[in-house]
Amino acid sequence: MESANDFDIVASCRNILASNPSLTKPVAAIESLIALLNTVSSATAHETLEIVKHHSDLLKDSAFNPVPFTTGTDLFIQYIIFSLRELEGDFATIRQHLLTNGRTFIQNAIDARKGVANIGWEYIEEGSRVLTFGASRCVTALLARAAETMRGKFKVYYVRDPARVQEDDRVVEEMRHLGIPVAELQQGVVSHIMGLLTAPTLAIVGAEAITADGGIIARIGTRQIAQLVSDKPKIPFYVAAETHKFTRKLCMDQRDLGFKQDIWNFSTEPTKRELFDEAVDHTHPSLITGLITETGEHLPSYVYGQMYEMFGIVEYQVAAKHIDRVSMRQVAQADEERHDDRIPDLENALKELKAE
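Counting in UniProt numbering, the sequence shown runs from 1 upward without gaps.
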């Protein structure tokens, strides 16, 4: 076996994405970590975790936008910790179990997109006009599933991104091949169509990550579209995404993305117009009607409970410290629906944390 220093986690992840472009970045990150454990030897649980954490950091540091890789690596590290706590026997047996079940873990994550489509297509009715943006593979799968039953009976407004011309061309061609009538829009046209009789009846977008407060980090321009849709209360704004994109990261506004985006430049001289194809923005949960996942539709506040179950009370209360009043009301409502007394009263937790 190779030593940990000889394994190139960045090259491994890039090769995985190149060989299977349909994979999400979180899943590709997990596949790379499993390849790491298959290649590098480790004698103890502590050593295994240190190797995985070190290479996770290398992978995140290599990316312009590290959030999707962070989501995948955090999830896999938590899976390892949980497995080490639950399994019995010598470490060699436990390590083999991790690798074997890791493949199942990945397959479930890959199958999740189909699960989202099977649930989400029912939100589209005959005569629906769906507004979408961002070339989300989850949304495309959802629309394809709807077309199986209602071919030609609903329409799509597709908002183009000038930084991703070829990708948008591919998605539009794919939808039209499925018999879905598509109208292509420039971003500046969205506000105009919202005031017409033929305005969208619903909006569905994807996400690179769903933050702990139920907001999303997605292709830049998503927040703008969500804001325009929110001005029309009768038009729901849904996010279609797999649960492996849930992250414990808190993001209150555009300054909390966790990495720097130099996407503008003030100058008194003529400058070359640059297009930023990896830029993202944050959409607040108050602008989101619901999350469509492979486990069903959920309020944005649902993510809090999942983060609590995965990362525990300490992480959960630290997150609560940053929650604004709108999100706190959503959490309180979700807690009542769950009837789960393992989840603390977050209003009281927030008061206690503020008092510290």
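Be careful, since some hints might not be right.
[As the list claims (entries may be wrong)] The calculated SDA-like cross-link candidates involving lysine to any residue, where the alpha carbons are at most 20 Å apart (straight line), are:
#  : residue 1 : residue 2
1  : Lys234    : Asp262
2  : Lys153    : Gln166
3  : Lys114    : Leu84
4  : Lys260    : Asp281
5  : Lys234    : Thr201
6  : Lys60     : Gly127
7  : Lys234    : Thr289
8  : Lys153    : Ser128
9  : Lys53     : Leu99
10 : Lys53     : Lys114
11 : Lys155    : Gly127
12 : Lys155    : Glu122
13 : Lys60     : Ala11
14 : Lys114    : Lys234
Since the hints were derived computationally from the structure, they do not count as laboratory data. In this text the structure is predicted, and so the values were computed from the model without any measurement.
We went through each hint and held it up to the structure:
With a CA separation close to 36 Å, the supplied pair Lys234 and Asp262 exceeds the 20 Å bound. At roughly 27 Å between alpha-carbon atoms, Lys153 and Gln166 are farther apart than 20 Å, so this suggested pair is violated. Among the hinted pairs, Lys114 with Leu84 is inconsistent with the structure: their alpha-carbon atoms are about 30 Å apart, more than 20 Å. In summary, the hint linking Lys260 to Asp281 is supported, as the alpha carbons are separated by about 11 Å, within the 20 Å threshold.
At most 20 Å may separate the alpha-carbon atoms for a hinted pair to count; Lys234 and Thr201 meet this at roughly 8 Å. For the given pair, Lys60 sits about 43 Å from Gly127 by alpha-carbon distance, which is inconsistent with the 20 Å threshold. Annotation: proposed proximity of Lys234 to Thr289 holds, straight-line Cα distance about 11 Å (limit 20 Å). Proposed proximity of Lys153 and Ser128 is supported: the alpha carbons are some 8 Å apart, at most 20 Å.
About 16 Å separates the Cα atoms of Lys53 and Leu99, which keeps this hinted pair within 20 Å; it holds. Between Lys53 and Lys114, the direct Cα distance comes to roughly 30 Å. Violation of the 20 Å bound is thereby established for this hinted pair. Pair hint Lys155 plus Gly127 holds up; C-alpha atoms about 7 Å apart against a cutoff of 20 Å. At roughly 15 Å between alpha-carbon atoms, Lys155 and Glu122 fall within 20 Å of each other, so this suggested pair holds.
Proposed proximity of Lys60 and Ala11 is supported: the alpha carbons are some 13 Å apart, at most 20 Å. Annotation: proposed proximity of Lys114 to Lys234 is violated, straight-line Cα distance about 28 Å (limit 20 Å).
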